[in-house]
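S.K.: In the order they appear, the protein sequences are chains A and L.
Taking our numbering, the leading residue of the first sequence gets 1, the next gets one more, and so forth.
Taking our numbering, the leading residue of the second sequence gets 1001, the next gets one more, and so forth.
Don't read these hints as lab results, they were simulated from the structure.
Note that the Cβ used here is the ideal one computed from N, Cα and C, for glycine as well.
It is possible that some hints are incorrect.
[As the list claims (entries may be wrong)] Below, in silico cross-link-like pairs of lysine-lysine (DSS-like), each with a Cα-Cα straight-line distance of 25 Å or less:
hint : chain 1 : residue 1 : chain 2 : residue 2
1    : L       : K1095     : L       : K1255
2    : L       : K1376     : L       : K1255
3    : A       : K378      : L       : K1255
4    : L       : K1053     : L       : K1095
5    : L       : K1270     : L       : K1095
6    : A       : K378      : L       : K1270
[Stated by the list, open to error] Here are some chain A residues the structure puts well away from chain L; computed CB gaps all over 12 Å:
hint : residue
7    : E23
8    : A28
9    : K31
10   : A128
11   : D133
12   : A178
13   : A189
14   : G214
15   : G224
16   : R294
17   : E346
[What the hints assert, rightly or not] Facing chain L, according to a computed beta carbon distance under 8 Å, are these residues of chain A, among others:
hint : residue
18   : H4
19   : L5
20   : T103
21   : T260
22   : H281
23   : V321
24   : S350
25   : F373
26   : I374
Given next are the chains, with one letter for each unit.
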Amino acid sequence: MHFHLTDEQQALSDMVQRFLAQEYGFEARRKILRSPEGWSREIWARLGEMGLLSLQVPEEHGGMAPATVETLVTLGAMGRALVVEPYLSSAVLGTALVRELGTPAQRKALLPGMATGELVAVVAHGEADARHDLSRVSTSARRVGAGWILEGRKAVVLHAPAADVLLVTARTSGAPDAEDGLSVFAVSAGTPGVGLVPYPTIDGQRGADVTLSGVELPGEALLGEEGKAFPALSAAFDLGVAALCAEAVGVLQATLDATTEYTRTRKQFGVPIARFQALQHRMADMLMHVEQARSMSYLSAMHAASGDVRERRRIVSAAKVTVGQACRYVGQQAVQLHGGMGVTDELMVSHCFKRLMAIELSLGDTEHHLERFITESK
Amino acid sequence: MDLKFTPEEQRFRDEVRAFLESSLPAAMRHKVLEGLHVPPEDTVEWHRILFRKGWGGPNWPVEFGGTGWDPVRQYIFEEECAAAGTPRLLPFGLKMVGPVIQRFGNAAQQARFLPRILSAEDWWCQGYSEPEAGSDLASLRTLAVRQGDHYLVNGQKTWITLAQHADWIFCLVRTDRTGKAQAGISFLLIDMRTPGVTVRPIVMLDGGHEVNEVWFEDVKVPVENLVGEENKGWTYAKFLLGHERANIAGIGTSKRELARLTLIASRERKHGRPLSDDPLFASRLAQVEIDLMALEITNLRVLSAEAEKRAPGPEASLLKIKGTEIQQALTELMVQAVGPYALPFRIEALEDGFAGPPVGPGYAAPLAATYCNMRKASIYGGSNEIQKNIITQMILGL
Chain A
1 MHFHLTDEQQ ALSDMVQRFL AQEYGFEARR KILRSPEGWS REIWARLGEM GLLSLQVPEE
61 HGGMAPATVE TLVTLGAMGR ALVVEPYLSS AVLGTALVRE LGTPAQRKAL LPGMATGELV
121 AVVAHGEADA RHDLSRVSTS ARRVGAGWIL EGRKAVVLHA PAADVLLVTA RTSGAPDAED
181 GLSVFAVSAG TPGVGLVPYP TIDGQRGADV TLSGVELPGE ALLGEEGKAF PALSAAFDLG
241 VAALCAEAVG VLQATLDATT EYTRTRKQFG VPIARFQALQ HRMADMLMHV EQARSMSYLS
301 AMHAASGDVR ERRRIVSAAK VTVGQACRYV GQQAVQLHGG MGVTDELMVS HCFKRLMAIE
361 LSLGDTEHHL ERFITESK
Chain L
1001 MDLKFTPEEQ RFRDEVRAFL ESSLPAAMRH KVLEGLHVPP EDTVEWHRIL FRKGWGGPNW
1061 PVEFGGTGWD PVRQYIFEEE CAAAGTPRLL PFGLKMVGPV IQRFGNAAQQ ARFLPRILSA
1121 EDWWCQGYSE PEAGSDLASL RTLAVRQGDH YLVNGQKTWI TLAQHADWIF CLVRTDRTGK
1181 AQAGISFLLI DMRTPGVTVR PIVMLDGGHE VNEVWFEDVK VPVENLVGEE NKGWTYAKFL
1241 LGHERANIAG IGTSKRELAR LTLIASRERK HGRPLSDDPL FASRLAQVEI DLMALEITNL
1301 RVLSAEAEKR APGPEASLLK IKGTEIQQAL TELMVQAVGP YALPFRIEAL EDGFAGPPVG
1361 PGYAAPLAAT YCNMRKASIY GGSNEIQKNI ITQMILGL
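So here's chain A without its partners, still in its complex pose (with noise of 0.2 Å):
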């Protein structure tokens, strides 16, 4: 057992983190954020030269899958300098479910494009009813001739502007909440009767609501077996969660960074504030957070592919929990310690904490998490 990376992991997160350090500063940052599409092509492109994108690809299309704790240190990163490109949208996320449910046709299609980041494919799942529900579909496909039609409405969907594919779950057959009848097909950005609703969220990356009506799809648009699609989502899916806490916990880690720090210039009755001790129980509360999430990830990352899956869900919801509280917690604390400059929008510090609040929310919150955890623990 241990916990250190291979020389290559080191030189692999060492060269992320100074790209990022060099390229995705705090004003680098704030001018992708205001541009009209609210990402970088270019930081994208650069990530796809870099190998970045291809993590989660197959060797056979040009990639380094299995490759998870060098996903783990590039999302934390990514994390640490609040990156927001759909990397966990297209490049995990979305990678995860073609390599799992494409036919071998389908992934020759969109993984190699995918790894170099000429393709953005992004999972276009959740519905307003569900939650974070995810066998709960309504969104329905219906076989036309040799084809489909898609009808239903996807709520909340990251990165969905930039998508030049979406993989759109619906229904194929069975209840609303039925994890049998699933099916996910992949639609190109344009087709007709798909419409956009976009938004910035709330802590700056980018999504929309998807209005299907009427989408009218060739028969090989549908991604591997019809109505088998939930157990590579649920995979997918779990991946995901892993690569978000993997991400949350370089969120954390600055987070706490920017308070120490703040709290050590900052003076206030002649003294820096770090001094006083109702203060640094508090940040000592953090960084007890941020240990057991950093923790928590690592375990989730190990168990992120495995083949045993009520396990898998066992681990991945527990490290979401762990994660999400901390999110909350080392969040809510940091722009406290900041005081009044913790509420405006200058310091890194409000920025952490809105990306902390969304991943909290983000694929499943912590009471979702806590009733799965209790759940497959039975």
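Guided by the hints, dock chain L onto chain A, whose structure is given.
M.R.: Positioned in the frame of chain A, the structure of chain L alone reads:
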């Protein structure tokens, strides 16, 4: 990164498990698993069983008669012992004074004291705290004045765990009252049978007699019982604290108690259904289970850093805080689980073989006392607030 135990470590675990299966007396095991009173004779006997196996010093290097196990093997050993329900090994000799004598004692002290710790011939206790020196340990006032070939010791120590059974006490004493408080402290080994040593019991909130006051009145301690150098005792004490805290997370015991809590929750009823199905209770139980899962990994992170030859660092403070919070949460939930039957308090029911009329389920009898008793966990070994000070200073550098 690899979170799996190696095949050798797995085999080691199997070996430990098989040994415990064959060598842990059933009566001892029963008392530990049911939360009953474990008499000191059981503790000593368990030490000797391990000693005969060659495992008397699970955390000691081979040169001093220990097993030479690395931190991961020590962890596995402790985890298996906890799961099997062995009496707790006395930490005072093995984890406290033993490592100090090994590191700072002279050859004569090592030859005299260490073998008797391994064989459990000597029961040690720790003389640190004083009525006016708790968290502020360096302000201690028990005085040792050098007079020829001995020190004359006067003063009072308190919260001395199990001193009523002890043969020896290791003490921090003041040998210099000038200068900085930390700089005038020495580390003395004192025979509890020396004239002038008095032990007075302190009865705790659970009715138990676990800790004591120890008084020293003109106690003559031979100079050869000074460990290391005079006035360097604070350094040795800090070394010791690092070792004590490194094992304080109590993961193995908490795992066992979590399993017991889960079992109790499945037998208790609420709204005519098992308590374990109650969403409110289940979520509190799950929260502790998840916290424990995370702490286990944090503990392994600290251990593997230690195995890579880095001394137990301030991270140990984190293990102490979270570990004791979990231990306390478990006792709290157990009390909650049995409801009103947590209230009957019959000390005699905590003895093995109690034959009085049953009151409530058998497992309920010790729960309230254990809950009360475990309030100590966040206070001893450096209170959790002191641990936060350490984190603040040593890790966050504030």
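S.K.: With reference to the structure, classify each hint as holding or not holding.
M.R.: Quick rundown of the hints versus the structure:
no., hint, result
1, K1095/L x K1255/L, "holds, 22 Å"
2, K1376/L x K1255/L, "holds, 19 Å"
3, K378/A x K1255/L, "holds, 17 Å"
4, K1053/L x K1095/L, "holds, 19 Å"
5, K1270/L x K1095/L, "violated, 44 Å"
6, K378/A x K1270/L, "holds, 18 Å"
7, E23, "holds, 27 Å"
8, A28, "holds, 28 Å"
9, K31, "holds, 32 Å"
10, A128, "holds, 24 Å"
11, D133, "holds, 16 Å"
12, A178, "holds, 23 Å"
13, A189, "holds, 37 Å"
14, G214, "holds, 42 Å"
15, G224, "holds, 31 Å"
16, R294, "violated, 8 Å"
17, E346, "holds, 23 Å"
18, H4, "holds, 7 Å"
19, L5, "holds, 7 Å"
20, T103, "violated, 33 Å"
21, T260, "holds, 5 Å"
22, H281, "holds, 5 Å"
23, V321, "holds, 5 Å"
24, S350, "violated, 21 Å"
25, F373, "holds, 5 Å"
26, I374, "holds, 5 Å"
The structure fails hints 5, 16, 20, 24 (numbered hints given earlier, in ascending order).
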